[in-house]
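If you're matching them up, the sequences are chains A and B in order.
Using this note's numbering, the first residue of the first sequence is number 1, and each one after it goes up by one.
Using this note's numbering, the first residue of the second sequence is number 482, and each one after it goes up by one.
Just to be clear, a hint being listed does not mean it is correct.
What the hints assert, rightly or not - Computed beta-carbon distance windows for the label pairs:
id: 1; chain 1: B; residue 1: Pro564; chain 2: A; residue 2: Asp268; range: 41 to 47 Å
id: 2; chain 1: A; residue 1: Asp268; chain 2: B; residue 2: Pro542; range: 39 to 45 Å
id: 3; chain 1: B; residue 1: Ala717; chain 2: A; residue 2: Phe42; range: 28 to 34 Å
id: 4; chain 1: B; residue 1: Arg525; chain 2: A; residue 2: Val8; range: 33 to 39 Å
id: 5; chain 1: B; residue 1: Arg766; chain 2: A; residue 2: Leu267; range: 36 to 42 Å
FYI, nobody ran anything at the bench for these hints, they're computed from the structure.
Positions of the beta carbon are idealized from the N, C-alpha and C atoms, including for glycine.
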Amino acid sequence: MATAAERVTREDLVMFINACFACTGQREFYADAAGQQVSFAFLHDYILGNYRLLYARSLAAGINQASQAMAIVRLLATGRDTPAEHRAEEGSLIAAALLALPVHRAHHVLAALRAARVNNRRARAIVREYLASRRDPAFEAVKYRRSVRAAAAHAHLRFAKEDERARFLFRGWADRRYETPIFEAFRAAHFADAAIYALPFTVAEGLAARRGVPREVFLERIAPRLTAGERLRLQGASERALGQRYGMDLATAAPTRLASYVLSLPLDERRARSAELGSALDRAGHRAASRTGARFGRVAAVLDASYSASGSSEKRRRPLAAALAASAFLRAASREYRAFWTGRVEDEILVEARGATDLATPILDALAWGADLIAIVSDGYENDPPGGAAEVLRVYQARLARPGGPFLVHLNPVFDADGFAPRALSPATPTVGLRETEDIPVMIGFARFASGAASLAELLGYLASRAARFVRSGGRADGRT
Amino acid sequence: MKTSTRTLSLQGLDLAPPQTFGNVRLVPLLRREVRADLRLARRRYDEPIGVVSRDGDLGAPGVAYASFIPHGLVVSWSEDGAPAASYGASLASGRDGAAAGRAVRLLHRMVKREAGQRLRFLPLHLAMEGFLGLCFEGPGIAWSEYSRAALKRGLDPRAERSIRGAALPGFEDALRVFEIHERQAGVLVFIADALASAFVVPHPDDYRALHRSLIEDFYGELLHRYGYLYQELPPASAPIDAEAVRSLDDLREGLGRVRRDWADFAELLAADALGREVRTETVYRMSPFRLERFIPTLRLHEENHIGETIVRDDGTTEYLKTYRLSDAQARRAHLLQQLSANRWDLAATAAALAASKEELIRRLDNAGFGYLLEPDVLSAARSPR
Chain A
1 MATAAERVTR EDLVMFINAC FACTGQREFY ADAAGQQVSF AFLHDYILGN YRLLYARSLA
61 AGINQASQAM AIVRLLATGR DTPAEHRAEE GSLIAAALLA LPVHRAHHVL AALRAARVNN
121 RRARAIVREY LASRRDPAFE AVKYRRSVRA AAAHAHLRFA KEDERARFLF RGWADRRYET
181 PIFEAFRAAH FADAAIYALP FTVAEGLAAR RGVPREVFLE RIAPRLTAGE RLRLQGASER
241 ALGQRYGMDL ATAAPTRLAS YVLSLPLDER RARSAELGSA LDRAGHRAAS RTGARFGRVA
301 AVLDASYSAS GSSEKRRRPL AAALAASAFL RAASREYRAF WTGRVEDEIL VEARGATDLA
361 TPILDALAWG ADLIAIVSDG YENDPPGGAA EVLRVYQARL ARPGGPFLVH LNPVFDADGF
421 APRALSPATP TVGLRETEDI PVMIGFARFA SGAASLAELL GYLASRAARF VRSGGRADGR
481 T
Chain B
482 MKTSTRTLSL QGLDLAPPQT FGNVRLVPLL RREVRADLRL ARRRYDEPIG VVSRDGDLGA
542 PGVAYASFIP HGLVVSWSED GAPAASYGAS LASGRDGAAA GRAVRLLHRM VKREAGQRLR
602 FLPLHLAMEG FLGLCFEGPG IAWSEYSRAA LKRGLDPRAE RSIRGAALPG FEDALRVFEI
662 HERQAGVLVF IADALASAFV VPHPDDYRAL HRSLIEDFYG ELLHRYGYLY QELPPASAPI
722 DAEAVRSLDD LREGLGRVRR DWADFAELLA ADALGREVRT ETVYRMSPFR LERFIPTLRL
782 HEENHIGETI VRDDGTTEYL KTYRLSDAQA RRAHLLQQLS ANRWDLAATA AALAASKEEL
842 IRRLDNAGFG YLLEPDVLSA ARSPR
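Just chain A, with the same shape it has in the complex:
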């Protein structure tokens, strides 16, 4: 029998980790950004204050990058509260998490440390270690020039004598010629158009504008320097300026990102390219499935395509993209698969966020189809009828569920600020936050904690083992190396 304290601890942790899967502090369909941020910051402070070690270990639980960044700053800011015996573990968790973040996010963390005036010995060491571990420090010194400079000054960094970064960052770049090619290109680009194209896109774009390079000339010549993300982002810009889109391999993008891209296209274009987009999404799903090594049996997905899946101006169509990507992933990862959308969807590529939310009917259809695993992807708001799915799930669990029957899980890509967690459909079904499609196996693993089926001891064991693997593998949340 678990004590009340254990139950509270377990529920707090599950709520926190669940929130960290979904919340980014951005505006959602039903809630504004300020509310999300206040609610989320409170949750972080609460867990940090009460369960410091577990808070640090949750860095390894597969939480999203926005949450990791917040946690790193908070842990570094309150280092003196760390008990001596946990110092080493916490430090290595922070270092591993920072290293695993995408570069721009890591630099945001550095900037946040500076803004919050966090400047203890450990924080400086972490910054130093991070900057020293970069594979191409010169490139990053150009691409993130301001941020690297600020971090270096803040952490009292000393550069070696032969390291040109010191002069490039601190002495005024225009003073001299550089041996490092990219520094030299940066200097030259202020005076000659040709040198612009040796720089990363984000830096080159500003310099090109300053030098009055015509947009179409710039976009054409910078094309080879673009990263995959920039290529995806500049599809519209390249079409307007060059008359054709940057070529890109659709299938290299992660499923969720690809789904977002597909849904951003106008319906006519999606219809015309339906086969191409469909197979790209399929391949992305298969690649993600083989990367995670997930295999399921007979899977039914109940997918919410109601109007609220259109997200907000900050997260356009994000819930719908999460559903579409989940569909591709689960199809690839299961022996048999069927999708049950709310509303009628004939071709998934053409799906639109439209109409009321009737989750109850597709859930009944999925139950009737007879699946081993039923994954419901929805923001948790249903209105046709209100509480319909909740009632169906409740009565199903109470009256019809048999041992060996389907496992039901609700994956929610939206954080509900008022409830401090992704909104649940029904207490009878575990709800977990949904981040990237690839995390679905992790989420399903986590669902047994959300449902209350597993004890606190199991949850602590789970966190500890993930944390150990996380540190060993250098910050890969799933422990894959």
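Position chain B relative to chain A; hints supplied.
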């Protein structure tokens, strides 16, 4: 114009489960059979104030109606049931009336036939004008108690206050997050579970285009007060009876019952407005449709909704828009109706209301009709006995 009495109905429409946000409950109305021979579109007016000349030419002297008029509705129809062709932005972008300065638009008539099978009218203002025009002529007999102005010019100027939808707390958010159904052609708006307005259009596409325009319409003062007084709605739920469920089919049936429960619930909330007998006045006939405005037989301390409607000859409600009168508004109209029924004889009216003449005068004064009476009559009734 032709008047008659009948009860309001939502014939041809099904009620879907309500969507709730804060204290706003929106009940979608789904059209059973979608026909395209009558279409509505919105025409925006940029000036905040519209002045409508009721009779006579544009801007000519005479009785005029002035209000905040953000938009008009343009209806196009076909008589043979073929899809009404012209609809949409091209048509709705037409302009009518004339701008007088920056802030005022002069409009000709509440309802105006335009080129072809097209009719422009001013939503809700049509009904409101009918309401304001109740007994507008004033006393027909020169009773000595009435002021000279009242005898000469009737109730002029007659004014009522309303609240813009944007001022209702939470209403804008509720409209924003509302999820429109596929066959939806209307909505019942409840604020703190009181019916604020019923809104029905002929075609689901028109509804999609006009959904957000609800924020610009005007609503009864009472709803504004309710909106602030009752921030939360009492929880409502429709459970499935778990004991009766033995199979998935039972569960499906239970879900159907939940849907029916919600529809019944919405019907119950709207019963006071929709089951009432109303006096209708046909404003325009466009076979097989007719545009009417209506006023209920007023009952004090109960819900009274005025409005306008377009009805097909088979009784289907093609367009409906209602406005809830506040108690004070209903009281004013009720007093006027009583006076008019008693040929403006104060003594007889007081007797009909089971009150003394002084009481009636005080009631008239409190209702804002003091300007109809001679000052000495008023002060005599006001002074303590």
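Hints and how they fare:
| no. | hint | verdict |
| --- | --- | --- |
| 1 | Pro564(B) <-> Asp268(A): 41 to 47 Å | 23 Å, violated |
| 2 | Asp268(A) <-> Pro542(B): 39 to 45 Å | 55 Å, violated |
| 3 | Ala717(B) <-> Phe42(A): 28 to 34 Å | 30 Å, holds |
| 4 | Arg525(B) <-> Val8(A): 33 to 39 Å | 56 Å, violated |
| 5 | Arg766(B) <-> Leu267(A): 36 to 42 Å | 41 Å, holds |
Comparing the model with each earlier hint shows violations of hints 1, 2 and 4; every other hint is respected.
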